[in-house]
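S.K.: If you want the building blocks of each chain, they are given just below.
Number of protein chains: 2
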Amino acid sequence: MEDKLNQLKTILNEVADLNAASALLGWDQQTYMPAGSAEGRGNQLATLGQIAHIKFTSDEVGRLLEDLEPQVAQLDPDSDAARLVKVTRREYDKNTKVPTEWVAEFARVTTVGQQVWQEARIENNFARFQPYLEKIIDLRRQYAAIFAPYDHVYDPLLDDFEPGMKTAEVKEIFGKLRPQQVELIKAIADRPQVDDSFLRQTFAEQKQWDFGVEVITKMGYDWQHGRQDRSAHPFTTNFGIDDVRITTKFLPDFVSSAIFSTVHETGHALYEQGVDHALERTPLAGGASLGMHESQSRLWENLVGRSYPFWQHFYPRLQEFFPGQLGNVSLDAFYKGINKVQPSLIRIEADEATYNLHIMLRLELEIALIEGSLQVKDLPQAWNSRMQEYLGVTPTNDKNGVLQDIHWSGGMVGYFSTYALGNLISAQLWERINQDIPDLPDQIRKGEFSALLGWLRNNIHRHGAKYESQELVKRITGSKIDPAPYMRYLTDKFSKVYGF
Amino acid sequence: MEDKLNQLKTILNEVADLNAASALLGWDQQTYMPAGSAEGRGNQLATLGQIAHIKFTSDEVGRLLEDLEPQVAQLDPDSDAARLVKVTRREYDKNTKVPTEWVAEFARVTTVGQQVWQEARIENNFARFQPYLEKIIDLRRQYAAIFAPYDHVYDPLLDDFEPGMKTAEVKEIFGKLRPQQVELIKAIADRPQVDDSFLRQTFAEQKQWDFGVEVITKMGYDWQHGRQDRSAHPFTTNFGIDDVRITTKFLPDFVSSAIFSTVHETGHALYEQGVDHALERTPLAGGASLGMHESQSRLWENLVGRSYPFWQHFYPRLQEFFPGQLGNVSLDAFYKGINKVQPSLIRIEADEATYNLHIMLRLELEIALIEGSLQVKDLPQAWNSRMQEYLGVTPTNDKNGVLQDIHWSGGMVGYFSTYALGNLISAQLWERINQDIPDLPDQIRKGEFSALLGWLRNNIHRHGAKYESQELVKRITGSKIDPAPYMRYLTDKFSKVYGF
Numbered sequence: 001m002e003d004k005l006n007q008l009k010t011i012l013n014e015v016a017d018l019n020a021a022s023a024l025l026g027w028d029q030q031t032y033m034p035a036g037s038a039e040g041r042g043n044q045l046a047t048l049g050q051i052a053h054i055k056f057t058s059d060e061v062g063r064l065l066e067d068l069e070p071q072v073a074q075l076d077p078d079s080d081a082a083r084l085v086k087v088t089r090r091e092y093d094k095n096t097k098v099p100t101e102w103v104a105e106f107a108r109v110t111t112v113g114q115q116v117w118q119e120a121r122i123e124n125n126f127a128r129f130q131p132y133l134e135k136i137i138d139l140r141r142q143y144a145a146i147f148a149p150y151d152h153v154y155d156p157l158l159d160d161f162e163p164g165m166k167t168a169e170v171k172e173i174f175g176k177l178r179p180q181q182v183e184l185i186k187a188i189a190d191r192p193q194v195d196d197s198f199l200r201q202t203f204a205e206q207k208q209w210d211f212g213v214e215v216i217t218k219m220g221y222d223w224q225h226g227r228q229d230r231s232a233h234p235f236t237t238n239f240g241i242d243d244v245r246i247t248t249k250f251l252p253d254f255v256s257s258a259i260f261s262t263v264h265e266t267g268h269a270l271y272e273q274g275v276d277h278a279l280e281r282t283p284l285a286g287g288a289s290l291g292m293h294e295s296q297s298r299l300w301e302n303l304v305g306r307s308y309p310f311w312q313h314f315y316p317r318l319q320e321f322f323p324g325q326l327g328n329v330s331l332d333a334f335y336k337g338i339n340k341v342q343p344s345l346i347r348i349e350a351d352e353a354t355y356n357l358h359i360m361l362r363l364e365l366e367i368a369l370i371e372g373s374l375q376v377k378d379l380p381q382a383w384n385s386r387m388q389e390y391l392g393v394t395p396t397n398d399k400n401g402v403l404q405d406i407h408w409s410g411g412m413v414g415y416f417s418t419y420a421l422g423n424l425i426s427a428q429l430w431e432r433i434n435q436d437i438p439d440l441p442d443q444i445r446k447g448e449f450s451a452l453l454g455w456l457r458n459n460i461h462r463h464g465a466k467y468e469s470q471e472l473v474k475r476i477t478g479s480k481i482d483p484a485p486y487m488r489y490l491t492d493k494f495s496k497v498y499g500f
Numbered sequence: 001m002e003d004k005l006n007q008l009k010t011i012l013n014e015v016a017d018l019n020a021a022s023a024l025l026g027w028d029q030q031t032y033m034p035a036g037s038a039e040g041r042g043n044q045l046a047t048l049g050q051i052a053h054i055k056f057t058s059d060e061v062g063r064l065l066e067d068l069e070p071q072v073a074q075l076d077p078d079s080d081a082a083r084l085v086k087v088t089r090r091e092y093d094k095n096t097k098v099p100t101e102w103v104a105e106f107a108r109v110t111t112v113g114q115q116v117w118q119e120a121r122i123e124n125n126f127a128r129f130q131p132y133l134e135k136i137i138d139l140r141r142q143y144a145a146i147f148a149p150y151d152h153v154y155d156p157l158l159d160d161f162e163p164g165m166k167t168a169e170v171k172e173i174f175g176k177l178r179p180q181q182v183e184l185i186k187a188i189a190d191r192p193q194v195d196d197s198f199l200r201q202t203f204a205e206q207k208q209w210d211f212g213v214e215v216i217t218k219m220g221y222d223w224q225h226g227r228q229d230r231s232a233h234p235f236t237t238n239f240g241i242d243d244v245r246i247t248t249k250f251l252p253d254f255v256s257s258a259i260f261s262t263v264h265e266t267g268h269a270l271y272e273q274g275v276d277h278a279l280e281r282t283p284l285a286g287g288a289s290l291g292m293h294e295s296q297s298r299l300w301e302n303l304v305g306r307s308y309p310f311w312q313h314f315y316p317r318l319q320e321f322f323p324g325q326l327g328n329v330s331l332d333a334f335y336k337g338i339n340k341v342q343p344s345l346i347r348i349e350a351d352e353a354t355y356n357l358h359i360m361l362r363l364e365l366e367i368a369l370i371e372g373s374l375q376v377k378d379l380p381q382a383w384n385s386r387m388q389e390y391l392g393v394t395p396t397n398d399k400n401g402v403l404q405d406i407h408w409s410g411g412m413v414g415y416f417s418t419y420a421l422g423n424l425i426s427a428q429l430w431e432r433i434n435q436d437i438p439d440l441p442d443q444i445r446k447g448e449f450s451a452l453l454g455w456l457r458n459n460i461h462r463h464g465a466k467y468e469s470q471e472l473v474k475r476i477t478g479s480k481i482d483p484a485p486y487m488r489y490l491t492d493k494f495s496k497v498y499g500f
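As given, the protein sequences belong to chains R and D, one line each in that order.
For the first sequence, counting from 1, position 118 maps to 118 in my numbering; every step adds exactly one.
For the second sequence, counting from 1, position 487 maps to 487 in my numbering; every step adds exactly one.
It is possible that some hints are incorrect.
Claimed, not checked - Using 20 Å as the maximum straight-line C-alpha spacing, the simulated DMTMM-like pairs for lysine to aspartate or glutamate come out as follows:
hint, chain 1, residue 1, chain 2, residue 2
1, D, Lys340, D, Asp196
2, D, Lys55, D, Asp3
3, R, Lys336, R, Asp492
4, D, Lys94, D, Asp59
5, R, Lys55, R, Asp3
6, R, Lys9, D, Glu39
7, D, Lys55, R, Glu60
8, D, Lys336, D, Asp195
9, D, Lys135, D, Glu371
10, R, Lys55, D, Glu60
11, D, Lys496, D, Asp190
12, D, Lys9, R, Glu39
What the hints assert, rightly or not - Simulated restraints, written as ranges between beta carbons of each label pair:
hint, chain 1, residue 1, chain 2, residue 2, range
13, R, Arg462, D, Met1, 56 to 66 Å
14, R, Ser79, D, Ile406, 37 to 47 Å
15, R, Arg462, D, Glu69, 48 to 58 Å
Please keep in mind that the hints were generated in silico from the structure rather than gathered at the bench.
From the three backbone atoms N, C-alpha and C, an ideal C-beta is built for every residue, glycine too.
Please model the entire structure based on the sequences and the hints provided.
M.R.: Structure follows, in structure tokens:
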């Protein structure tokens, strides 16, 4: 078995190296690449992607998996070898079952689709985008059919982003969550609004940068195996476990944007930096799912980064950086300001309390589209009425309504729920962490994060992609993904911020 | 034929993309990569290099070349297609003739060799490095034998860096040059030394950067398809014709280092940026040889950048950047200072007048080593006596003597002459350019470089690697590489600087 396993690993290592190279090309494209070099970069990415795909989907990988599967069945199912074969099989089947013709057509339609979406959004013209979205939904239904039988036609789509997750599960989770979230928003809306105007002054970029570096260094970000750069859209990327990089966008007139974005991306980066080196250069090196990844970024951004103890430690330092802007703003006022809740039209600007509602709306609509119970032409109307129902606001046009997100135009159907699942998982983990580290708030108040990071490393990070998200959450907390801790967290926090 | 040619190009395009990705990985490694990420990067580079090698040396490429060769024989021999097949054949033969065992052994010995050389240099212990150099010379003799028959055993080594060049040719060129260079150095040494102490004050790095940007922007460096970064050792690299990057090292206490280094690297970059896009993603996209490349960097660095008209234009601006340091230094004093000649022990610190002698010494010694007329154990003695003979200085130890360069430890035997050939070609081109653009000095005095760059683009850059260096120089100047123009240039310039 050792021999076959090594043969498989050799191929997987090469594929991982090719993917790492592609990731670096992508990083460069978004940070330093000259404006006029996009065509060549496109060629390079296409070539590397194609070679990696051919290698990974080769008959040799198929034969090795067939040979290895009965053998690893004898091993501990949690062993690296057994999990490697299992996850590789899952990805191999996904990559080999889809016909080349579908892949080509999908690439063609989504490339044009994104282009048309960009123009349609500028023109506020949903009708223009409609035929492309219809085609994309149709292609995604065809895609789902390849993986029949399934419990629900949306399952194979969800599975691409959240392996193992079922439509019935997310429906149940969000079905419980939605009325409680709606009720919370209403309770907040009945209270006087908090002031956050002091966040919107002029804040020198270099000072924002330096403060952020201090924060994430204390969080445990490993600069020997990572770095920070600027980009138009913040992201985390990595080229192996030992090179995990974050990027940040700084707004000179809104100080909290870069702070929480930096902490958020560092949450992703700590996950990647914490994967067991035994998994390096295999499909197990990386987060378990988008939802698990988001649980780490959100945990650091919100449960840690927007908490009172966190700012008990860091606020005096932030005031030192910006005495003119924040010298006369009390810690309590600052804490309320960074936790202001304001139902709004745009998902990416949403606060912690309203964010999930933006997601649920999208999830419900895309399930209906894939099921066929909603037609694309009726989408704007469905969007707007749900916005009113969930958030109490109605888009003034499709630009700040149904046309706001890039995902569907690029064919990403099944993605959105992972954002909300990340929020739920983060709170569920947080309850467990606080049981295991009872003095965690005190530690955070002192700027000490090593016990927290150690807990995350031990329970989550080191496992990489060995376990699917539901399995991993259950191993840690004793139950599958559950919205109750998140609602407890939100209610507790915002009842104090807003006094109800 | 179109069909076969397209098949060949498809493979060559993929190889070019892989090489471009490797080059970006290398650029990142020397500019931004975190310190702890070297192992992963090594794996990625090894995988990409191996895949590119397998693709390029495949039987399919061999068959396509065989099919195409009789067909392109019917075409204009200067056509892109004919030249592509010719150059691909040359590289294919080089890459396929060398046995895998030799490649593995060479990689092993040079990896250890470089390590030992670094330590030996620190310890000033040639004896420690000696057995490794002996093994490397032996492997290089074996390498040459693979390409027998040849006129001279050193020919196949030279050919790796300067395709088509013969040992007899470089011997003849440098045989003429050496006595004249030695005589020139002696004439200079008899004159009072010029003062350059004003170059060695404190110069703020950002100002050095900004001045350099102004200079190379005027030279015509295309920032839409390139960028500048910092690195420990300055270099130029590219990922296609549309992404050509330079790096610079800034010394806070020696202003001329970064200026001339930036201009030098920009000379390389202008070459790569000027290649005809029809050659993109093929072995023809890039410079003709290391010597031709160096002719471009040296032309800009020395014949343009260290010329009086150049500083008539730029010196007032440099004085504006550094009024405290240079406000009281006259243009004439500055010009003499940046052209100071001082025989020294270290090649990379050598000035324009002495540089070639460092090269000739190395070239003669490595030819003798490969011929077997010199033993490695006798190398330090041979080095030191030649230093005294050519430059009038003797190394005080092997650290500043025979152990100073990395090249031999890495197996690069045949490389050195390209530095000096670049100098010679640059002056030969310069005479021709000044015939074609009679008012060039006036243009330079006005900071106008477009006619010069246009000339280089038209005569050299656009051809990429279509022509070998001797062929290209002859097409342009009417004669092969000739040391006379360079000696005329040096004598004319330094007789004025030193007044003899």
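S.K.: Evaluate each hint against the coordinates.
M.R.: Structure-based check of each hint:
The straight-line distance between the Cα atoms of Lys340 (chain D) and Asp196 (chain D) is roughly 7 Å, inside the 20 Å bound, and the hint therefore holds. The suggested pairing of Lys55 (chain D) with Asp3 (chain D) holds, with an alpha-carbon distance near 19 Å, which does not exceed 20 Å. Our distance criterion of 20 Å between C-alpha atoms is met by Lys336 (chain R) and Asp492 (chain R), whose separation comes to about 14 Å. Straight-line distance between C-alpha atoms of Lys94 (chain D) and Asp59 (chain D) comes to about 14 Å, which keeps the hinted pair within the 20 Å bound.
Under the criterion of a C-alpha separation no larger than 20 Å, the hint pairing Lys55 (chain R) with Asp3 (chain R) is consistent with the structure, at around 19 Å. Pair hint Lys9 (chain R) plus Glu39 (chain D) holds up; C-alpha atoms about 17 Å apart against a cutoff of 20 Å. Only pairs whose Cα atoms come within 20 Å are accepted, and Lys55 (chain D) paired with Glu60 (chain R) is accepted, the gap being roughly 19 Å. Taken as a hint, the Lys336 (chain D) and Asp195 (chain D) pair is honoured in the structure, with Cα atoms around 8 Å apart against an allowance of 20 Å.
For the proposed pair Lys135 (chain D) and Glu371 (chain D), the alpha carbon gap of about 15 Å is at most 20 Å, so the pair holds. A hinted pair counts as satisfied when its Cα atoms are at most 20 Å apart, and Lys55 (chain R) with Glu60 (chain D) qualifies at roughly 19 Å. As the CA atoms of Lys496 (chain D) and Asp190 (chain D) are separated by approximately 14 Å, the hinted pair is consistent with the 20 Å bound. As the CA atoms of Lys9 (chain D) and Glu39 (chain R) are separated by approximately 17 Å, the hinted pair is consistent with the 20 Å bound.
Separation of Arg462 (chain R) from Met1 (chain D) is about 58 Å and conforms to the stated range, judged on CB atoms against 56 to 66 Å. Distance hint check for Ser79 (chain R) and Ile406 (chain D): the Cβ-Cβ separation is about 45 Å, which falls inside the suggested range of 37 to 47 Å. A C-beta distance of roughly 57 Å is found between Arg462 (chain R) and Glu69 (chain D), which places it inside the suggested range of 48 to 58 Å.
In the structure shown, no violation is registered for any of the earlier numbered hints.
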